[in-house]
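Residue numbers (this note's numbering), protein chains in the order written: chain Y, 1 to 252; chain U, 1 to 227.
In case anyone wonders, no lab produced these hints; they're calculated from the structure.
These numbers come from a predicted model, not from an experiment.
Don't take every hint at face value.
Simulated pairs of lysine-lysine, DSBU-like, Cα-Cα distance not exceeding 35 Å [unchecked claim]:
#: 1; chain 1: Y; residue 1: K35; chain 2: U; residue 2: K62
#: 2; chain 1: Y; residue 1: K35; chain 2: Y; residue 2: K125
#: 3; chain 1: U; residue 1: K62; chain 2: Y; residue 2: K34
#: 4; chain 1: U; residue 1: K62; chain 2: Y; residue 2: K125
If the Cβ cut is set under 8 Å, some of the chain Y residues that face chain U in the computed set are [claimed, not checked]:
#: 5; residue: L11
#: 6; residue: A15
#: 7; residue: P20
#: 8; residue: V170
#: 9; residue: L174
#: 10; residue: R177
#: 11; residue: A200
#: 12; residue: V210
#: 13; residue: F220
Which bits of chain Y does chain U cover? Going by a derived footprint, with three or more residues having C-beta under 8 Å, they are [stated by the list, open to error]:
#: 14; stretch: 40–52
#: 15; stretch: 94–106
#: 16; stretch: 129–136
#: 17; stretch: 141–147
#: 18; stretch: 155–169
#: 19; stretch: 238–245
From the three backbone atoms N, C-alpha and C, an ideal C-beta is built for every residue, glycine too.
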Amino acid sequence: MELLYDPIRLLLATAKDVLPVIGLLVLFQMVVLKKPLPRPGRIIFGFCLVLVGMACFLGGLDLALFPVGRAMALQLVKGAQAGGNDIWSAYGWIYLFAFLVGFSTTIAEPSLIAVANKAEEASHKAISSMGLRIAVAIGVAVGITLGTFRIVTGTPLYIYILVGYIIVAVQTFLAPRMIIPLAYDSGGVTTSTVTVPLVAALGLGLASNVPGRSPVLDGFGLIAFASLFPIISVLGYAQLAQWLVRRRNRNE
Amino acid sequence: MAPIIVVIALFQILVLKQPFPELFSVLMGLGLVIVGLALFVVGLDMGLFPLGETLAEEFARKGSLFWLLLFSFALGFGTTVAEPALIAVTREGARAVAEAGLIDNSPAVILRYALHVRLTVAFSVGAAIVLGVLRILRGWPLPILIVGGYILIMVMTLFAPDEIVGLAYDLGGVTTSTVTVPLVTALGVGLARTIRGRDPLTDGFGLIALASLTPMFLVMVFGLFVH
């Protein structure tokens with residue numbers, strides 16, 4: 001019964017979330033521009049696909065990834081506490097897990113795939129969609145790893161963010177100009193439907209299981225890290241690519 | 001999807017050395033995620049992207065600044081209110097704030113607090129999109145806006161209550177998610193393509209970056225007023 005009930009409820013919830021957006025677009029098209037919808041059949045079919053796709057996606061996430069992620073965060077903390085007091089070696093597996101989770105969820109992120117394809121199209125293939133996705137995924141992985149380290153050690157969040165902002169500000173002056181807006185955007189794009197539940201499960205699980213940490217003060221911040229570090233890594237990717245091109249030109 | 005399955009399976013088998021809990025439901029969930037992802041991406045390309053881009057181009061060509069800015073604000077506000085990830089995180093945040101004793105620990109108060117935070121965030125995203133559209137129209141340099149925003153956020157952090165800072169920082173990343181990103185990107189790229197002398201790459205992107213900054217600032221302002 002549960003299997004029949006859940007997808008329908010989920011589809012309705014998704015529809016309630018997506019319908020206002022569709023309504024808004026149709027309203028502006030019909031009332032303000034006073035034009036009929038171009039190819040309405042195709043657009044409606046596309047909306048249906050988005051709706052069903054998102055419902056399946058979220059349902060699958062709840063069924064598979066969220067409980068598994070939460071359970072694993074718990075088991076890993078228990079393992080670390082059994083392993084002794086040395087923070088670096090005891091929590092090593094957590095850092096590795098955080099890195100790999102950050103990387104693999106970001107590579108699979110639908111919003112990122114959409115934006116990376118747009119970027120490849122807009123730059124006339126100067127930026128490769130896959131290269132951009134890898135750069136962003138490395139940024140998220142490093143961000144989440146550092147974020148778990150912060151939760152384990154309990155150091156204040158704003159210091160990390162301040163240092164990150166300074167690095168971004170410096171890179172902004174050095175990186176090729178055309179990549180800058182794209183790099184800034186990739187920070188916001190990464191943290192969505194796949195990443196957020198897993199990362200939130202990880203952060204709250206860690207903060208409530210590591211002794212001396214409070215979920216309110218220490219459990220947050222992972223998502224902030226996951227949006228800041230991709231900016232650094234994408235700017236770095238652009239700087240590296242520019243440097244390689246220059247070196248090749250010099251050699252020829 | 002393959003990488004994440006491999007990561008979790010490897011950790012479960014090699015590090016934790018425990019059997020997978022509820023293997024059947026997990027496998028079914030994975031199947032749903034893969035099918036959903038495929039449908040979602042195909043649907044975006046068919047529905048949301050073309051319509052968003054046509055609308056953005058129409059509004060840019062129409063030359064009416066008022067309607068363009070109104071459309072931008074409505075798009076930012078509407079898509080953010082509908083964002084599932086934001087709904088989940090604001091509830092989680094409100095619950096944590098209630099447990100810390102800053103607001104009454106009753107479901108009605110928590111829900112109202114979460115809704116207020118969500119509306120604050122939606123308003124910030126709407127404002128950010130308006131600012132970003134003005135930037136594309138006027139050709140203001142993005143780095144100055146962003147670095148200026150960073151400085152404002154850092155100054156605000158000094159004044160805001162400690163309990164709201166973590167949530168505010170996280171909300172900056174959460175706001176721009178599945179629904180918002182494709183539409184806002186379409187607006188930016190469509191606008192930059194329509195206006196002469198604007199390059200879709202340098203001018204079209206950047207809206208999402210602004211939409212991640214303003215919520216951090218305004219949620220901290222919100223925290224200052226409420227606590």
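Tested hints:
For the suggested pair K35/Y and K62/U, the alpha carbons sit about 13 Å apart, so the restraint of at most 35 Å is met. Using a Cα cut-off of 35 Å, the hinted pair K35/Y and K125/Y holds, with the two alpha carbons roughly 34 Å apart. Taken as a hint, the K62/U and K34/Y pair is honoured in the structure, with Cα atoms around 12 Å apart against an allowance of 35 Å. Between the alpha carbons of K62/U and K125/Y the distance comes to roughly 30 Å, so the proposed pair stays at or under 35 Å and holds.
For the restraint placing L11/Y at the interface with chain U, the shortest Cβ-Cβ distance is roughly 11 Å, beyond the 8 Å limit, so the hint is violated. With 8 Å as the threshold, the beta carbon of A15/Y stays out of range of chain U, its nearest partner Cβ sitting at about 10 Å, so the hint is violated. A hinted interface residue such as P20/Y counts as satisfied when its beta carbon comes closer than 8 Å to some beta carbon of chain U; here the least separation is about 5 Å, so the hint holds. For V170/Y, the suggested interface contact is broken, since its CB lies about 10 Å from the closest CB of chain U, more than 8 Å.
Residue-level restraint check for L174/Y is violated (minimum Cβ-Cβ distance to chain U is 11 Å; threshold 8 Å). A cut of 8 Å between beta carbons decides the hint on R177/Y: the least distance to chain U is about 7 Å, and the hint holds. Evaluation of the A200/Y hint against chain U yields a held restraint, the C-beta minimum of about 7 Å falling below 8 Å. Taking 8 Å as the C-beta contact cut-off toward chain U, the hint placing V210/Y at the interface is violated, the least distance being around 16 Å.
The interface hint given for F220/Y holds, since its Cβ lies 3 Å from the closest Cβ of chain U, which is under the 8 Å cut-off. For the stretch 40–52 of chain Y, the stated coverage by chain U holds: 11 residues have a C-beta nearer than 8 Å to a C-beta of that chain, and at least 3 were required. Proximity of the stretch 94–106 of chain Y to chain U, defined as three or more residues with a beta carbon under 8 Å from a beta carbon of that chain, is established by the 6 residues found. Only residues whose beta carbon comes within less than 8 Å of a beta carbon in chain U count, and the stretch 129–136 of chain Y has 0; fewer than three means the coverage is violated.
A stretch counts as covered by a chain when three or more of its residues have a beta carbon under 8 Å from one of that chain; for the stretch 141–147 of chain Y and chain U the count is 0, and the coverage is violated. Only when three residues or more bring their CB closer than 8 Å to a CB of chain U does the claim for the stretch 155–169 of chain Y stand; here the count is 7, and the claim holds. Remark: the stretch 238–245 of chain Y is not confirmed as covered by chain U, as 0 of its residues place a Cβ nearer than 8 Å to a Cβ of that chain, below the required three.
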